Amino acid sequence: MTDDVLIEARGLVKDYPMGDEVYHALRGADLTVRRGEFIAIMGPSGSGKSTLLHLLGCLDTPTSGTYTLAGTPVHSLPPDELAEVRNREIGFIFQMFFLLPRASAVENVELPLIYAKVPPGERRRKAMEALQFLGLETHAAHRPNQLSGGQRQQIAICRALVNKPSLILADEPTGNLDSKTSENIMGQLVRLNRMGNTLILVTHEPDIAAYAPRQVRIRDGRIVSDEVVRKAEGGEP
Amino acid sequence: MTAAIRKEQIYGFWGSVAELVRIALRAILASKMRSFLTVLGIIIGVLSVVAVVSIMQGVFAAFFAEFNSLGADTMFVRPNYEMSRSRVDAVKRLKMTYADALAIKDGAPLVKEVAPFVMRGDTIAYRSQRDTTQIIGTTEPYAPINNLDLESGRFIGPMDVATRRKVCVVGQDILDKLAMPPQCLGEEIQIGRGTYTIVGLLEKKGGSFGQSQDDQIFIPLTAATQQYGQDIANTVFILIQILDPKQTDNAVEQISTVLRRTHGIRFGQQDDFRIFTVEAIKRVIDQFTGISTMVVTAIVCITLVVGGIGIMNIMLVSVTERTREIGIRMAVGAKRVHILYQFLIESVTLSTLGGIVGLFLGVGLSHFVVFVLRKTVSETFPPAYVPFWIVLLSLGFAALTGAVFGVYPAVKASRLDPIDALRYE
Numbered sequence: 001m002t003d004d005v006l007i008e009a010r011g012l013v014k015d016y017p018m019g020d021e022v023y024h025a026l027r028g029a030d031l032t033v034r035r036g037e038f039i040a041i042m043g044p045s046g047s048g049k050s051t052l053l054h055l056l057g058c059l060d061t062p063t064s065g066t067y068t069l070a071g072t073p074v075h076s077l078p079p080d081e082l083a084e085v086r087n088r089e090i091g092f093i094f095q096m097f098f099l100l101p102r103a104s105a106v107e108n109v110e111l112p113l114i115y116a117k118v119p120p121g122e123r124r125r126k127a128m129e130a131l132q133f134l135g136l137e138t139h140a141a142h143r144p145n146q147l148s149g150g151q152r153q154q155i156a157i158c159r160a161l162v163n164k165p166s167l168i169l170a171d172e173p174t175g176n177l178d179s180k181t182s183e184n185i186m187g188q189l190v191r192l193n194r195m196g197n198t199l200i201l202v203t204h205e206p207d208i209a210a211y212a213p214r215q216v217r218i219r220d221g222r223i224v225s226d227e228v229v230r231k232a233e234g235g236e237p
Numbered sequence: 001m002t003a004a005i006r007k008e009q010i011y012g013f014w015g016s017v018a019e020l021v022r023i024a025l026r027a028i029l030a031s032k033m034r035s036f037l038t039v040l041g042i043i044i045g046v047l048s049v050v051a052v053v054s055i056m057q058g059v060f061a062a063f064f065a066e067f068n069s070l071g072a073d074t075m076f077v078r079p080n081y082e083m084s085r086s087r088v089d090a091v092k093r094l095k096m097t098y099a100d101a102l103a104i105k106d107g108a109p110l111v112k113e114v115a116p117f118v119m120r121g122d123t124i125a126y127r128s129q130r131d132t133t134q135i136i137g138t139t140e141p142y143a144p145i146n147n148l149d150l151e152s153g154r155f156i157g158p159m160d161v162a163t164r165r166k167v168c169v170v171g172q173d174i175l176d177k178l179a180m181p182p183q184c185l186g187e188e189i190q191i192g193r194g195t196y197t198i199v200g201l202l203e204k205k206g207g208s209f210g211q212s213q214d215d216q217i218f219i220p221l222t223a224a225t226q227q228y229g230q231d232i233a234n235t236v237f238i239l240i241q242i243l244d245p246k247q248t249d250n251a252v253e254q255i256s257t258v259l260r261r262t263h264g265i266r267f268g269q270q271d272d273f274r275i276f277t278v279e280a281i282k283r284v285i286d287q288f289t290g291i292s293t294m295v296v297t298a299i300v301c302i303t304l305v306v307g308g309i310g311i312m313n314i315m316l317v318s319v320t321e322r323t324r325e326i327g328i329r330m331a332v333g334a335k336r337v338h339i340l341y342q343f344l345i346e347s348v349t350l351s352t353l354g355g356i357v358g359l360f361l362g363v364g365l366s367h368f369v370v371f372v373l374r375k376t377v378s379e380t381f382p383p384a385y386v387p388f389w390i391v392l393l394s395l396g397f398a399a400l401t402g403a404v405f406g407v408y409p410a411v412k413a414s415r416l417d418p419i420d421a422l423r424y425e
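Residue numbers (the numbering used here), protein chains in the order written: chain R, 1 to 237; chain E, 1 to 425.
These are computed hints drawn from the structure, not numbers from a lab. Among the hints, a few may not be true.
Unchecked claim - The calculated BS3-like cross-link candidates involving lysine-lysine, where the alpha carbons are at most 25 Å apart (straight line), are:
1. R/K164 to R/K117
2. R/K164 to R/K126
3. R/K126 to E/K105
4. E/K95 to E/K105
5. R/K164 to E/K335
6. R/K117 to E/K412
7. R/K117 to E/K335
8. E/K375 to E/K177
Just so it is clear, the structure is predicted and the values come from calculations on it, not from any experiment.
Work the whole structure out from these sequences, hints included.
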């Protein structure tokens, strides 16, 4: 595990205008994440954890505050440059999987590589490698609706991995899965982390959060606690 | 290394376009019925334009072929049928005779040759074979002015006209119609009530507008007027060849002067004849071609605008339906321009496919219409001709329609916020 800083967020504020009033979704969040860390961000709905995830994932920019990702200040980048950062640095895993329904599994995994302008042959090779990594190569030609929920989420994990991002963001990755499948998925994520991937997991389930060595709690737009509950690489919870 | 970079760059543009076309085709084929209904407007637009233009072009081509056999040094005189009835002197009536032709030959120095002719459909018979054809009564110069060449024998000569000899020159189709051998010279055929001896056989000229030039029989003008009577003798048309095409205006002036004198038209009175120069006829055809091209273009524009609105409508629906997809693509790194191109190329692909379908159906329809016209109206209706420009024009316009009407939905898609798009249910 390396010690250098991947994420440096200072005083992140996000306001949404709601008619005449302003809704303060995030009221100044500070967060530092080193490469190789595995963090769970926890909080009830409406706490601002989704907003924080969107900011960390470069899907949105903060109203104020600074955010440096992999050495690049990204808090005020225009949309297209944010898209490039997402493409290069971030892999997303969503609760609803968010696969393209008309594309096959391998085509779904290839998607980030298309926007990274990787030529087709190389693209297919990398996507197949990612699928093999999770033992899904036999499902490469299947469409999402031919796969189980767990398989779909694993395809999504492959898609998150394929462009070798610095950061993997998982937003309630087990929210739509039964407990056995959830365990499996979390096992995969732990495995990714052990291989050196930086992982940020957003969840409201303590069981799921317990997989992460470091837990950040958020409430009413503020980070209320940030603690390392056990040594990293501490094995199973 | 350099090669690799170049390959990368080439892939960068055309590869992306090919990629986007593939994505577009998948989206289009995913809902075939809807895609078909969406482009129906474009299909019908292109189909009708291609069919109309192909049939028209076929007719034009045949028409031109007919007039191209006439040189720029020829003109044509006929009675002025457009003259209002009340103005025509009841006693004189409209009259044009062989004598007028001879008067022109004598009285207009710029005139080289005159070929008066009369036309009439009649029955023909050879042994037990009967049919109908067009009979043309004329004089010797008709053949050179019309560029008619003989395969065997000779054309109508001066003596035939002078002595009203019952001889005829036949076109190639007549042989088929009457089941005659190619060695037909000297054979006698029945034309109406008269019996004529074949003295010449024309070379094959090929199909032409309406009446094939191969489906005609020529007889001496005098024999025709004798056989068909005074009415025919008084409605002679005159084909004129002048010495110098540059002197067309002066020649028209001379001919006009001669005819006004022989017809006894007083100063200030209207001509009872009309002179058409080949140049003027070609000008009229050009004008007509221009107008019809404009009309066709206008129809194309209207139908494609209608078709385009249909495309825009469905593309807007498609963008809404695929908001989630747009969100996913943006999340994994698609820039606005990627989304813009994706939807733009989808609408262009859709409308171009419509254009291609319309083109094929249009070509098919034009051939079918010609087929029906040949069965019902005229066997020699000219074949449809699909000019290359209409292929380019219709596909180009179809693609353009997709591009123009796809811009708004595509821009709308590209402006979506990734978070909103992902959240969209």
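Proposed proximity, E/K105 with R/K126 (alpha carbon, max 25 Å): Violated - the C-alpha atoms of E/K105 and R/K126 are around 91 Å apart, more than 25 Å.
R/K117 paired with E/K412 [C-alpha distance capped at 25 Å]: It holds: about 24 Å lies between the C-alpha atoms, which stays within 25 Å.
Straight-line alpha-carbon gap R/K164 to E/K335, limit 25 Å: Satisfied, since the Cα-Cα distance of roughly 19 Å is no more than 25 Å.
Distance restraint between R/K164 and R/K117, which requires alpha-carbon spacing of 25 Å or less: holds, 14 Å
R/K117 paired with E/K335 [C-alpha distance capped at 25 Å]: Judged against 25 Å, a Cα distance of about 12 Å means the pair holds.
Pairwise hint evaluation, E/K105 against E/K95, where the allowed Cα distance is 25 Å at most: Answer holds: E/K95 to E/K105 is near 18 Å, not above 25 Å.
Distance restraint between R/K164 and R/K126, which requires alpha-carbon spacing of 25 Å or less: Since the Cα atoms of R/K164 and R/K126 sit roughly 10 Å apart, the hinted pair holds (cutoff 25 Å).
Proposed proximity, E/K177 with E/K375 (alpha carbon, max 25 Å): holds, 18 Å
Hint compliance for this structure: hint 3 is the single one not met.
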